[in-house]
Every structure is written in structure tokens, then in C-alpha cells.
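Please construct the entire structure, taking both the sequences and the accompanying hints into account.
Residue numbers (my numbering): 30 to 362.
Don't read these hints as lab results, they were simulated from the structure. Don't take every hint at face value.
Calculated lysine-lysine pairs in the DSS-like style (CA-CA distance at most 25 Å, straight line) [as the list claims (entries may be wrong)]:
no., residue 1, residue 2
1, 342, 101
2, 100, 342
3, 101, 232
4, 100, 275
5, 203, 100
6, 275, 342
7, 101, 234
8, 203, 101
9, 100, 232
Estimated spans, in silico, between C-beta atoms of each pair [unchecked claim]:
no., residue 1, residue 2, range
10, 126, 313, 56 to 64 Å
11, 232, 155, 38 to 46 Å
12, 203, 175, 40 to 48 Å
13, 314, 239, 37 to 45 Å
Please read these numbers as outputs of a predicted model, since none were measured by experiment. Built from N, CA and C at the ideal position, the CB exists for glycine as well.
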Amino acid sequence: MKRAPFVVIAVLLAAMLVSYVVWGERMLALLGIGSDTSTYLGYVEGETSLIAPPIAGRLLERPVDRGSSVKKGDRLFVIDPVVARAEVARAEAALAEATARYENMLTGKRQEEQDVVRGQRREVEASLALAEIELKRQAQLLERAYTTRQAYDQADAQVRQLRSRAASLAAQEKVGDLAARPDEIDAARALVVQNQANVDQAKKKLDDLMPVAPEDALVENTFFNVGEWVPAGSPVISLLPDFRVKLRFFVPEEDVARARPGNEVSFTCDSCPSGLKATIIYVSPRAEYTPPVIYSQSARTKLVFLVEARPTKPAMPLQPGLPVAVESFGTAP
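This is the structure we're talking about:
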């Protein structure tokens, strides 16, 4: 009987302990005491850019190394460009040929060629004048019966032939001053456009074999060394620009209604300055279980929503993988 009070006391203490474990943290939160339930844990994630050649080839140059910084326009690597340069030269030669043919169709014959035609026409006109004189003389002789009909017919035929020849040369001279037919000019122009497109395509392939940095960035990793064969589409370098980082944190389902794209949040991280801000850019539409690498402040919080936010001009670069704590939600700026 003496042990009964101790048993009762032990049962009461156990009940109080269980009640505190189950309800203590929630009651303290309601009273504004204890842990801050508006703090959400997460980490920094980097959005890397993988730079790869579209054509397979041997890596000739790679002037950048892992961990170095590059400026926009800096050369990243060079894949053997011999074949690509030959293709550019071939396309440029075909373009030059097509352009020359097109321009030649827009003009008539050369002045020297026209001078030859004019000289032939003058020669025929001189022969025609002499033949006409001979025809008149043969007509007069035929009237007096001093010549035959055959001689007269030959003189007449010679005049007709020379007149036709003179007319033909005059027409050739006129045509020589004209351009080609419109349909031929249109076909030549289309061929020039086609060859120009081939040149642009060949130059683009050559540029793809010698890419430059699209923006200021950190060389996060390199995947091939000089002399190695790079398959088509295989990344050679990965870049991480300073502004291409984001926060990924997890919000319990009872608080996710306050997380809206465009809202501003405050966050902290180890060795970071105070007053860091970020703007929410994505809220997952589906709940998920708390990731094992993220320790929720409340063991009872099982389902969370992924939220992503873009830092607003951080004073220092945020390293991917750095743990962060989002302290509070704000409204859209």
C-alpha cells in the first residue's frame, strides 16, 4: 500500500511527459514561446550551362580550367576545325560563282564583244552598198540585152542576202545591250540566296566548334582534356553564372498558401551578410515527404511543398549546396 502513491506519481509524470511531447511544442508556438515555426530549411542550387559541340571531333584547345572564371566572349575550347573551314571555303566559292553569274545576267555583253558585232555589221553594210550598185548595173545591162538573166538574178540574190545579214547583226547588237530574260535573272538570284544560306550554315558549324562564353561565369567542371575525342553533343565544359543560382526550400502544407510566385522572402546562411532577400519563382503543385537531408523543425510535419526563389542581387556569390534558412514571407514587391 505504501507503494501506491509512488505509482500514481509515476503515472502522472509519464502522462505529463507524453502530453508535452505531443502538444507542448504546439502550445508554446501558440503562446509565442519556443521555436520559430516560420523558418524553413533548404539549400542553394546552381543552374549550370553545359557547353557541347554539335559535331564530333578531337579537342585541340581548352584554355580554361575547372574553378577559373571567364568573361563573356572568352574562348572556351576548340574542336579540330579543318573540315569545317574547308566547308566554309567551298560554300564561299560557290557563292562567288553564283553572284558573278547573276551580275553578268544583269548587264549586256562586254563593250569589246559589242564592238566586234558592230564591225561585222559595218562590213556587211559596205558589201551591201556595193551589191546594190552591181544590181542596178545588171538591171541596165539586162534592158539593153548586154547581160543574161542569170547574172541579174545572182546580183539580186546577193543584195537580198546581205540585207538579211545586216538586219541580223543589227538585232544581235541590240540584244547585246540587254540583260538576260527575267526568268533567268530570278533563277540566278535564287541560286545566290541558296549559296548565301550554305555559307551561313558552314560558318555557324565552324563557330560551334570554337564556342565562347555566353556570359560571365565560373567554370564549374571540365569533362575532356586536350587530345581526346569528343562525341557530338557531349558537354566539354559546364558554366555556372553568378546569377543562375536559386534557393530550394520546403514549406509545410499549412503554410504553403502564403508562398506565391513574386513574393519576397528573407533568408540567412552561414558566413553570409544580413538582409538577404529572394523572390519566389516556383511553388510545387504537389506535396511530397520531407527529404531525409532536410531536418524539419517539427517531427510531426510529414508533407511539405517544394518552393524555389531567386536571390535578389546577393552581396556575395552563393555556393551551390550551401544550407539556407528562409525566415519569413513577404508580399510581392
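Checked hints:
1. Restraint check for residue 342 and residue 101: the C-alpha separation of about 19 Å stays at or below 25 Å, so the hint holds.
2. Between residue 100 and residue 342 the CA atoms are separated by roughly 19 Å; this keeps the pair inside 25 Å, and the hint holds.
3. The straight-line distance between the Cα atoms of residue 101 and residue 232 is roughly 20 Å, inside the 25 Å bound, and the hint therefore holds.
4. For the hint pairing residue 100 with residue 275, the CA-to-CA distance comes to about 21 Å; that is within 25 Å, so the pair holds.
5. With a C-alpha separation of about 63 Å, the suggested pairing of residue 203 with residue 100 is violated against the 25 Å cut-off.
6. For a cut-off of 25 Å, the pair hint linking residue 275 to residue 342 stands: about 12 Å separates their Cα positions.
7. Annotation: proposed proximity of residue 101 to residue 234 holds, straight-line Cα distance about 20 Å (limit 25 Å).
8. For the given pair, residue 203 sits about 60 Å from residue 101 by alpha-carbon distance, which is inconsistent with the 25 Å threshold.
9. Simply put, residue 100 and residue 232 have alpha-carbon atoms about 23 Å apart, close enough for the 25 Å limit, and the pair holds.
10. Hint check: residue 126 to residue 313, Cβ distance near 59 Å, so the stated range 56 to 64 Å holds.
11. Distance hint check: the CB atoms of residue 232 and residue 155 are about 58 Å apart, inconsistent with the given range 38 to 46 Å.
12. For the pair residue 203 and residue 175, the supplied restraint of 40 to 48 Å holds, since their beta-carbon distance comes to about 42 Å.
13. Distance hint check for residue 314 and residue 239: the Cβ-Cβ separation is about 43 Å, which falls inside the suggested range of 37 to 45 Å.
Comparing the model with each earlier hint shows violations of hints 5, 8, 11; every other hint is respected.
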